[in-house]
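So the sequence lines, in the order shown, correspond to chains A and B. Take 32 as the starting number for the first sequence in the numbering used here and just add one per residue. Take 75 as the starting number for the second sequence in the numbering used here and just add one per residue.
Since the hints were derived computationally from the structure, they do not count as laboratory data. As the structure is a prediction and not an experimental result, all values here were calculated from the model. Check each hint, because a few of them may be wrong.
Stated by the list, open to error - Simulated DEER-style distance windows between Cβ atoms:
no.: 1; chain 1: B; residue 1: D325; chain 2: A; residue 2: E358; range: 39 to 45 Å
no.: 2; chain 1: A; residue 1: D344; chain 2: B; residue 2: Q264; range: 29 to 35 Å
no.: 3; chain 1: B; residue 1: E179; chain 2: A; residue 2: V230; range: 26 to 32 Å
no.: 4; chain 1: B; residue 1: D123; chain 2: A; residue 2: R360; range: 28 to 34 Å
no.: 5; chain 1: A; residue 1: P139; chain 2: B; residue 2: T341; range: 51 to 57 Å
Yeah, the Cβ is synthetic: ideal placement off N, Cα and C, and Gly gets one too.
One-letter residues, chain by chain:
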Amino acid sequence: MELVCPAGSLPALKAAVDQGADAVYFGFRDHTNARQFAGLNFSERRAVSGIDYAHKRGTRVFCAINTYPQPGGWQQWTEAVDRAAELGVDALILADMGLLAYAAEKHPQVARHLSVQGSATSYEALRFYHREFGIRRAVLPRVLSLKQVGEVAAHSPVELEVFAFGSLCIMAEGRCSLSSYLTDESPNKCGACSPAKAVRWQETEQGLESRLNNVLIDRYQPHEPAGYPTLCKGRFEVNGEVYHAIEEPTSLNTLELLPELRDMGIAAVKIEGRQRSPAYTREVADVWRQALDQLERGVGTFRPQTGWEQRLDELSEGSQTTLGAYERRWR
Amino acid sequence: MRLSLGPLLFFWPRERLLDFYSQAADWPVDIIYLGETVCARRREMKPDDWLGLARELEQAGKSVVLSTQALIESEADLRQLRRIVHNDEFLVEANDQSAIQLLSERGQPYVAGPSVNIYNARTLQLLQRHGMSRWCMPVELSRDTLAGILDDPSISESAVETEVFAWGHLPLAWSARCFTARHHGLPKDQCEFVCQQYPGGLPMRSQESRDVFTLNGIQTMSGTRYNLLPEVADMQRMGVSVARISPEDTDMEAVVRDFDRARNGETVERDPLALREVTDCNGYWYGGAGMDRV
Chain A
32 MELVCPAGSL PALKAAVDQG ADAVYFGFRD HTNARQFAGL NFSERRAVSG
82 IDYAHKRGTR VFCAINTYPQ PGGWQQWTEA VDRAAELGVD ALILADMGLL
132 AYAAEKHPQV ARHLSVQGSA TSYEALRFYH REFGIRRAVL PRVLSLKQVG
182 EVAAHSPVEL EVFAFGSLCI MAEGRCSLSS YLTDESPNKC GACSPAKAVR
232 WQETEQGLES RLNNVLIDRY QPHEPAGYPT LCKGRFEVNG EVYHAIEEPT
282 SLNTLELLPE LRDMGIAAVK IEGRQRSPAY TREVADVWRQ ALDQLERGVG
332 TFRPQTGWEQ RLDELSEGSQ TTLGAYERRW R
Chain B
75 MRLSLGPLLF FWPRERLLDF YSQAADWPVD IIYLGETVCA RRREMKPDDW
125 LGLARELEQA GKSVVLSTQA LIESEADLRQ LRRIVHNDEF LVEANDQSAI
175 QLLSERGQPY VAGPSVNIYN ARTLQLLQRH GMSRWCMPVE LSRDTLAGIL
225 DDPSISESAV ETEVFAWGHL PLAWSARCFT ARHHGLPKDQ CEFVCQQYPG
275 GLPMRSQESR DVFTLNGIQT MSGTRYNLLP EVADMQRMGV SVARISPEDT
325 DMEAVVRDFD RARNGETVER DPLALREVTD CNGYWYGGAG MDRV
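Using the sequences plus the hints, can you model the full thing?
Following this line, the structure appears as structure tokens:
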């Protein structure tokens, strides 16, 4: 299985390449990709250096252009596709059907991957994207159980990439408008979820409060660690009970599932986190490289080392990890 | 402009559901979407029950469309989906890409529901070529985006019809997890169908008691109702063919009649004391945060 690592910046890209990522993925510095954060992502010049650095070391580079262009932005999105193709990326990670059609027609030689934002959760859905746009690979949304991933893999017309580690989206990706309901930005529209511009922190008598466009997302007592107010990970009131009504602050970690994922024929595991630091990328890439190497060496005897889990826990949201939807109990 | 009743998003007991649709047969709606779009475990209505109901409503003069499940996860979900696609009697509303694949492969006309990501004219045109006869705009898109899509020559000269989700709590997200079962401390596969206790969903509020979202099983909806009643004339001018009203636990006949009056150019008298409308939202239509009221 291939290791696909996030490159939110040139130093992160280099860190991933140095630690032995098989591929890295990046986005341009605008609304065309699903991790639009201030100070993150690549200008054309940085992309040239990054691609050169990776290619010289045998690492492939994917470019994520995985938000959904609206009429006013169509030209900006198609230009991003053209630019990525001219830069010589190894694959385009796309979600929008119109943009997939454009890329297939204009740059047929550049491989197309269906982004997780494409929200294809079955092999029938994958058949559509394969038939229409000749996609080579698809990234599966984090809503399927391990058994369901197996069902998709058994009939998929294309290679599959699954999320292995990082922040956990609770909702089927590509079809979540919770963020645009509270703010005016969403992953689909412009690559932002719970955007920083809408975040406000406030010390009050009831505790430290985090707000998103003035909606109270969470309130922390002095002994509680405060996390970024991602709207689905706050504490809300339902029927008089205040709790993490949607999800706790936690990260996905599938180390222990690696043998099963390999046996299902999954082509690649993906690390989430273009918004994280180069140090994060280095650490995670290092652990997963070791894990995948061990998996390849010793058939049937793979066991995650305690040290790996510890290192990953330290990098996780709320310092805890979960198997998410892969596991029945989570549901 | 025609009016539609969208698929019932909540889990109502069978009797209540049948009673609702027998009343709806006499309301001035032109199109009725039927079927369970949220959760495969809600099976009070069997496939044949839905078909029977569809036939009755058709006899009452309604155009009936069968809606598919928005989040397809398992082989069993796909079997259910194929059954709907192969019904050979009624138009189908595709609510995900799996349904679009099955329908387009058979060359069958279909409606694309609001959970299909059509954000631009190129995508719309592409699906139309594959047999899509109508699309319901994704709920987070604005009036101006819609105008931009409809103004594109490839669309304005085509026969594709546009529907807009115009009234009701907005379906905003789908998950593998059931938030209603979770609230009750139950695992999803032994959920005891607790969502049936919430015919209008389970309100999720901020710690300051502000309505934020509405939990409806695996679906998360807006905290308040979307209401485009005052925009009906504008929608008609833009060439919107259908306004969708989403069934809720309230006086739906009154809602339908308001929209009927609005589409006939009558000004809808509004009770200034009606709290219902004060808390409605319409931000998406104006390009802002969905929860806003402009």
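Kindly indicate which numbered hints from before are broken by the structure, ordering the numbers from low to high.
Those not satisfied come down to hint 3.
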